[in-house]
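Generate the whole structure from the sequences, applying the supplied hints.
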Amino acid sequence: MEIATKIIETTGTIDSPNNVHLDEAIAIAFPTKVRVLILLPEETEISETEWLAVAARDPGFEFLKNKEEDIYSISDGKPYNDKI
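Residues in the sequence shown are numbered consecutively from -2, following my numbering.
Hints in this document: simulated from the structure, not taken from any laboratory. It cannot be assumed that every hint is accurate.
List of simulated lysine-lysine pairs, DSSO-like, C-alpha gap at most 30 Å [as the list claims (entries may be wrong)]:
no., residue 1, residue 2
1, K75, K62
2, K64, K75
3, K3, K30
Have a look at this one:
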C-alpha cells in the first residue's frame, strides 16, 4: 500500500448497495485509487430501561437468581429520609 500524501476530509452518505455519495465535490485527478476510512456517528445514549433489559438477559448475572444470593430482606437496614 502506498503512503498517503494528501488527506481530504468531507462528509457523505453510504446507500444500501454500498455506494459512497460525497456531500461536496473534491478536486482530484480522476480516475484514481483512494483509501477510505469510514467514521460512523456514535449511537445515542442507551436508556436506563434498555440497559436494564440487556443486563437482565446477560448470563453473567444468572448467579443472582440463586436463593443463596438473596441475603437481604425488607426488615434489614433503616429507611433513608433525605431532609434537605
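Against which earlier hints does the structure fall short, listed by number upward?
none
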